[in-house]
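Residue numbers (our numbering), protein chains in the order written: chain A, 511 to 786; chain B, 37 to 307.
Check before you lean on any hint, since a few could be wrong.
[What the hints assert, rightly or not] Restraint ranges, calculated between C-beta atoms of paired labels, are given here:
no., chain 1, residue 1, chain 2, residue 2, range
1, A, G671, B, R63, 51 to 59 Å
2, B, L226, A, R631, 35 to 43 Å
3, B, G134, A, R727, 53 to 61 Å
4, A, V541, B, A238, 49 to 57 Å
5, B, W277, A, P555, 28 to 36 Å
6, A, V526, B, E132, 19 to 27 Å
Just so you know, the hints here were simulated from the structure itself, not pulled from any lab data.
All residues carry an ideal CB built from backbone N, CA and C; glycine is no exception.
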Amino acid sequence: MTTTDTRAAAADLPIVRGRTETWRLFLPQTVIQTRRLLLRWWRDPLTLVQSLVFPALLLIVLNTVLGKQVSTFSGASALYGSVPMVALVGVMSGSLASAITLGRERDQGLLARLWVLPVHRASGLASRILAEGARILLCTTVLFAVGVLLGFRFEQGVLAGIALFGVPLLYGLGFATLVTAVAVFSAKAALVEAVSLGSSIMMFFSTGFVPLTAYPRWAQPIVAHQPMTYAIDAMRGLSLGGPVRTALLATVAWSVGAIVVFAVPAAVGYRRASRR
Amino acid sequence: MSLLTVAARPRIGVVAQWWVLTCRLIRPSWRNGELVTAVVAPTVFTLGFYVPLNLVMSGYGHGLSSYAQFLMPMIVMQAVAFCATSAAFRAASDAEDGLTVRFGSLPMPAAVPLAARITAAMYRAVIALAVAVVCGLVIGVEFYGSWWDTVGFLAFSLLVALALCLGADLIGSLAKNPEAITQVLIFPQLILGLVSTGIAPAHQFPSWLQLFARNQPVSQFVYGLRALAGDSSGNAGVVGWSVLGPGLAWAVGILVVFGALGVVVATRRSA
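Can you build the whole structure from these sequences, using the hints too?
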């Protein structure tokens with residue numbers, strides 16, 4: 511009885527003849543997998559809270575508690591530092607959450623299950639990059655919206671406003687490549703704590719938290735040259751005004767550098783994780 | 037046909053059972069990163085708030101002789117809050133793995149696993165507190181009070197740690213989801229920690245927030261600790277019931293309520 515049913519059901523399924531692992535089908539396959547990842551993210555209330563609500567709350571609290579003091583010290587609204595900074599923090603914690611998901615999917619065998627399907631090999635990794643990008647844009651939009659409610663303004667026009675979204679996107683893709691490379695080789699709880707503590711330190715030692723002159727002399731070179739500061743300075747320039755070029759070029763250098771250095775380990779690790 | 041003979045129960049005292057279960061939690065802390073977190077968290081907090089904010093807050097004014105002296109209670113509170121988070125994580129892991137149910141079926145008083153978990157949490161709290169005090173001394177904190185005031189500072193910190201760990205343990209045992217619980221507990225830690233008088237004085241908050249910032253428990257703990265540490269400017273507050281009382285009341289209240297609930301949950305033999 512059951513076997514007949516199964517057979518009948520199997521007969522109804524579409525049968526694929528010919529190769530499906532082609533570059534022509536790469537795009538639709540990537541889109542399907544991207545949709546899966548974004549749906550999964552959207553339907554998990556906890557990661558949603560972590561990547562949307564938590565940064566927004568952090569921005570509001572930071573602005574309420576320290577906004578006045580920092581604005582007095584620097585002479586410009588602290589929001590032009592804290593909105594970019596918290597946007598980057600949100601991007602980083604979002605990447606961390608997706609790295610944890612990746613580790614869990616590997617442990618559950620889902621990656622191996624997808625690996626045996628007749629889809630283009632590159633679509634798995636490409637869909638993760640695409641999903642990451644979509645998530646970064648959404649989180650940044652939400653955070654900028656909260657920032658605007660608090661008094662953040664796009665004072666340099668539409669073009670700079672669009673470029674303003676490009677900075678966290680580029681930064682986030684660089685960071686995600688790094689985290690993916692680390693996560694596919696070891697997805698332990700220690701990774702989560704190390705990366706969160708590391709990104710907290712980066713947040714505290716960036717020009718988004720307080721101006722560079724507030725740091726003691728020994729800390730200033732570290733603060734000035736770390737990737738987050740460059741990204742924040744670029745975004746500050748694109749919103750409030752001021753020099754953008756150096757900061758933007760340095761952000762591109764840091765991000766592209768991270769992508770170049772960690773792309774191969776990430777791809778190799780992803781392949782290894784898919785075949786266990 | 038004779039009935040199965042039951043072997044005589046091994047006579048192991050409650051204290052030995054508690055000690056075995058405590059060692060089970062303490063021994064792996066050298067390897068699984070719990071100890072590292074207890075050491076690193078206060079250090080990161082000290083660096084992260086003192087270094088950038090020292091000039092900013094000194095310019096704006098905080099009323100004490102140095103910002104280090106002002107921030108010290110908050111460093112301790114953060115250290116303690118991190119211990120509470122790991123306590124929740126441990127309780128939730130044990131509940132998720134079914135270990136709590138397994139322990140419930142063993143011949144020992146039902147509150148022993150709870151006592152062991154709290155002991156292990158307090159062991160982490162003692163280490164974190166020690167690191168926090170060292171961090172404070174490095175950035176220039178001094179204890180101006182008498183020996184008894186300093187002892188009171190440490191004792192009060194540990195009392196708060198005990199209260200928070202009991203509360204976190206209860207939440208963890210009920211939630212049974214280690215990853216979720218650590219993320220959820222960040223919220224109260226963030227809100228209560230930042231919107232308190234530990235980082236900026238109450239009058240620097242917007243007026244609608246001042247009432248909350250002044251009276252919420254973390255601020256009351258901070259007032260107590262600040263008075264016990266003392267200050268050369270004399271603005272730290274006088275050690276006495278009016279300053280210490282509300283904080284002590286909060287700590288003892290949390291301790292009693294969550295302790296009682298924790299015992300009820302632990303002794304309820306069905307899972």
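Range hint 28 to 36 Å (beta carbons of W277(B) and P555(A)) holds or violated: With Cβ atoms ~45 Å apart, the hint is violated.
Satisfaction of the hinted span 53 to 61 Å by the C-beta atoms belonging to G134(B) and R727(A): holds, 55 Å
49 to 57 Å as the expected CB spacing between A238(B) and V541(A), which holds or is violated: holds, 53 Å
51 to 59 Å as the expected CB spacing between R63(B) and G671(A), which holds or is violated: For R63(B) against G671(A), whose Cβ atoms are near 56 Å apart, the range 51 to 59 Å holds.
L226(B) paired with R631(A), Cβ distance criterion 35 to 43 Å: Because 42 Å falls inside the window, the suggested range holds.
Distance restraint evaluation - V526(A), E132(B), Cβ atoms, bounds 19 to 27 Å: violated, 41 Å
The structure fails hints 5 and 6 (numbered hints given earlier, in ascending order).
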